[in-house]
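**Q** Here are the chains, one letter per residue:
Number of protein chains: 2
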Amino acid sequence: MRLGALKLKVQLFCGDEPAMGPGKADLLEAIAREGSISAAGRALGMSYRRTWLLVDGMNRCFSEKLVETTAGGGSARGARVTEPGWTVLAAYRELEAALEQASAGDALARLTGLLRAAPQPPAGDTGL
Amino acid sequence: MRLGALKLKVQLFCGDEPAMGPGKADLLEAIAREGSISAAGRALGMSYRRTWLLVDGMNRCFSEKLVETTAGGGSARGARVTEPGWTVLAAYRELEAALEQASAGDALARLTGLLRAAPQPPAGDTGL
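As given, the protein sequences belong to chains A and B, one line each in that order.
For the record, in the first sequence the residue sitting at position 29 is 29 according to the working numbering, with numbers rising by one throughout.
When you read off a place in the second sequence, starting at 1, and then add 128, the result is the number in the working numbering.
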C-alpha cells in the first residue's frame, strides 16, 4: 500500500507460509470480478501456474477455502470467492485502512520533513 | 516487523529509491553500536559492498547525512550516526510502534481466527 513516500506491506502468515497479503487480496478481488482463476491471473499479468499457486496457498492456510472452483470442463470452468473468502478480504482491507490512518501522525511528518524531493546522484565508490 | 501471524513492513521512499526501512534502521543501530560501517555489516551478515550501498542510499535520500565517516586510513576508519540520523531512526521506530498498536484490533482478530495453525500440505497440480 503506497501512501505518498510511505509504503506499507501487510502480510499474514500461517507458519512460514504467506496466507494473505497485497497480491492475494488483489487476486481475490480479480477472481470475484472475472469469475475464473485464469482470467483473474491474466488481468493481473500473472502466469496461470503462479495464479493457481497463490489460490492454493490461500486455501491451505485458512480453515475454509477462500476460493472455490466450479465443476465443468473447458471454457465453462469457473471460480468464485466463498463467504469466508469475502470475510478474510474485508478484514484484510479493514486492517490496511486502520494502519493507513495510524501512519498519518507526527512520526511520519518528521521522517518526510527530512526527505529530499529526489535522491542525490550516487557518489561512486570512493567515499560517502 | 513480525507480530505473531502478522508481518508489517514499513518503508519510506525518496522517489523510486528506498530511503528507510527495516534493514536500514537495523543498520543505523549496528553502526552506532559498532562504530564502523564494515563492522556493522559483518554483525548483520552483509557484504561490505551491500552495507556501503545501503548507507550511501540513506545519505542521498535525506537532506542531511544520516551516517558520517571519520577521516583516517586503515583500521582507524570509523563511522557514526549523525544527529539527523538519530532523529530519522527514532521517528521510524515510533512509526513502527504506532502501526503495531493500530494493528491489534478486531480486523486482525477476524483474520487470525480463520487461520489454520499450520498450512495443509499442497494438493498437487490436479485440483484445488
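Honestly, the hints are just simulated from the structure, not real lab data.
Do not rely on the hints blindly, as some may be mistaken.
[Stated by the list, open to error] To be clear about the criterion: a stretch of chain A counts as covered by chain B if any three or more of its residues have a C-beta under 8 Å from a C-beta of chain B, and this derived list gives those stretches:
1. 3–11
2. 23–36
3. 40–48
4. 52–66
[Said to hold, decoys possible] So the derived label-pair ranges between C-beta atoms look like this:
5. B:A171 - A:R110: 24 to 30 Å
6. A:R116 - B:W180: 18 to 24 Å
7. B:G132 - A:S47: 50 to 56 Å
In this text, a Cβ means the ideal position worked out from N, Cα and C, and glycines have one as well.
**Q** Taking the earlier hints as the rules, which of them does this structure contradict?
**A** Hint check: 2, 3 and 7 fail, others pass.
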